[in-house]
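J.: Residue numbers (our numbering), protein chains in the order written: chain A, 69 to 382; chain B, 69 to 382.
Just so you know, these hints were derived from the structure itself, not from any lab. Treat the hints with caution; some may be incorrect.
Heads up, the list lumps identical chains together, so a pair's fine if it works in one copy or across two of them.
[Claimed, not checked] Under the rule of at most 20 Å between Cα atoms (straight-line distance), these lysine to aspartate or glutamate pairs were calculated in the EDC-like manner: (1) 309 / 234; (2) 357 / 222; (3) 309 / 238; (4) 95 / 122; (5) 359 / 148; (6) 359 / 222; (7) 357 / 148; (8) 193 / 222.
Spelled out, the chains give:
2 protein chains.
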Amino acid sequence: MYTIGIDIGGTTTKIGIVDHTGKVIRKTTVVTLDYPIITDYVEALHTALQPLIDEVGGKSQIKGIGVGAPNANFYNGNIEHAPNLPWKGIVPFGKLMSDRFKLTVRITNDANAAALGEMVYGIAKGMQNFIMITLGTGVGSGIVVNGQLVYGHDGFAGELGHVTIDRTPEARLCGCGRHGCLETYASATGVAITAREMVRKATGYTLLSQMPIDEITSKNVYEAAVQGDEVALETFRFTGKILGEAFADFVAFSAPEAIVLFGGLARAGNLLMNPIRQSMEENLMPIWKGKIKLLFSQLPEDDAAIMGAASLCV
Amino acid sequence: MYTIGIDIGGTTTKIGIVDHTGKVIRKTTVVTLDYPIITDYVEALHTALQPLIDEVGGKSQIKGIGVGAPNANFYNGNIEHAPNLPWKGIVPFGKLMSDRFKLTVRITNDANAAALGEMVYGIAKGMQNFIMITLGTGVGSGIVVNGQLVYGHDGFAGELGHVTIDRTPEARLCGCGRHGCLETYASATGVAITAREMVRKATGYTLLSQMPIDEITSKNVYEAAVQGDEVALETFRFTGKILGEAFADFVAFSAPEAIVLFGGLARAGNLLMNPIRQSMEENLMPIWKGKIKLLFSQLPEDDAAIMGAASLCV
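In isolation and in its complexed conformation, chain A is listed as follows:
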């Protein structure tokens, strides 16, 4: 038996058929942006998937379809007010999909899907309590307690990118409309903003001053840091400090066995992990010092989102 994983992004939708070991054995994509009408999009997914389903032996071989999408609600199958997707308002995506495919369809947000993927196929295999943090354009999270994902009363639990870590008047404005959210510092965008601030203040030489300041990206910061650039390294130290402080609070909440990092920014590896670990340890309550694992996702990066989504139907 196989499962289908679909990862809906604002630009591209990744689709895959996953075997019982987690291997993605068939893959395709659909351009999300090409389908401003949701029923057209569902039809496009069907057209893309049907030949793959046939190749693995037909629908009888498929246990179900798991979908990871921004603002997706596990409880009711709806995608609700997702700012980066073409469909506005509340979209009954789960229902549309199950009507069209005549298969079990489960949906959740992308960070929750990532957490499930780690639990079923990845580094969190067998863990009953852990927290997944996705560091990308934004900061997402999926929380596992007693072996179950935490969806909360309304299906939207686990918005750890939006805990407030700066309450000063200088706190950065977040995309959610509030100020000082973790995401404004610990996302790729946040890292770029930090680097720009640091370059403006820098007195010594920095590789990052060789480009227009407002065009510095987190990728530039990474590349400069790898070359030992002090401003770039300091940017990661600052970001890691903030993440470590936030992680210490997360531990006080659910006392996880591990915190697992995933996403573009996590590629910075120890440049980011070392300062996170140091800051987290400094801020943990004594009972937890030295006891919380800090791990990177070990899933293949290209397939992780598909594997995570597919995990909903395992």
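Given the coordinates of chain A, assemble chain B onto it according to the supplied hints.
T.: Leaving out everything else, chain B in the frame of chain A:
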């Protein structure tokens, strides 16, 4: 059938036999401080309980013993390094109790027991997701997710009194050894400290200046606030603002249906609840505004701790 609830405090241990409706039908106490040796204490509990057990029909009528105690670990039955109890180190309390009583014994910390009490007998009956916050000498918490208490990987989850809400150099020192914990502001002690700071700065008249500043307690603040004293009211507004900010972060974690308040400080009622609600609403992400219930425990105050502990064996 009945359950036994035991609430171990640093000074007094409350003991009760609870019927299936949650009513405490027999009660007694033991002076915790009188028994510096743990086996003597267990023996004292047995001596105190045996006549009550006999009165309700003997041991065959008892489903089990639930115990609420500081630093109590649900997973292994140990009380570990509790600073306010007479027994040092790791005490295998659950095992000692079940050996002596020949009954099922379950233990957890007092705030978790309070949360269970609300879920089984109180205002959180039927709720699958809520957070209990106890506002007393310290700030404790019990978190319920998917109808289960969150114990975490090690049994110590739910230390929400120790999330950091002040990272400035002026942050108050906490009993846990760290700085800026929620507990340093939102406990009875924290409220007293806030009031003393405000009295020192006050320019107008305040009832609170009629006593030595360093002797002001949270009770004094409450009494002054009831009489409309502006400094006392401002103390509650400040405390409520901080609690509301913290609650908004807690909601981002587990999206609870409600946050339930209990404990001495919660007696301040709307003097505290109104500023908490205002601050929480201001700080919540848009998806949660107006949707999170803020409730007071409705359990009878004298029996709540016994009922909570007894809930472990329901």
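J.: Hint by hint, note whether the structure agrees.
T.: Evaluated hints:
Proximity of residue 309 and residue 234 under a CA criterion of 20 Å is satisfied in both settings, with 13 Å inside one chain copy and 15 Å between copies. With identical chains, the CA atoms of residue 357 and residue 222 are at most 20 Å apart between copies only, with a shortest distance of 13 Å across copies and 33 Å within one. For the identical chains of this complex, residue 309 and residue 238 are neighbours both inside a copy (18 Å) and across copies (19 Å), given an alpha-carbon limit of 20 Å. For a Cα distance limit of 20 Å, the shortest separation of residue 95 from residue 122 inside one copy, 13 Å, qualifies, whereas the shortest one across copies, 70 Å, does not.
In this homomeric assembly, residue 359 and residue 148 come within 20 Å of each other (Cα to Cα) only across copies, at 16 Å, whereas the closest approach inside a single copy is 38 Å. Within a single copy, residue 359 and residue 222 get their C-alpha atoms only as close as 32 Å, which misses the 20 Å cut-off; across copies the closest is 10 Å, which meets it. For the homomeric pair residue 357 and residue 148, the shortest alpha-carbon distance between copies (16 Å) is at most 20 Å, but the shortest distance inside one copy (39 Å) is not. For a Cα distance limit of 20 Å, the shortest separation of residue 193 from residue 222 across copies, 18 Å, qualifies, whereas the shortest one inside one copy, 27 Å, does not.
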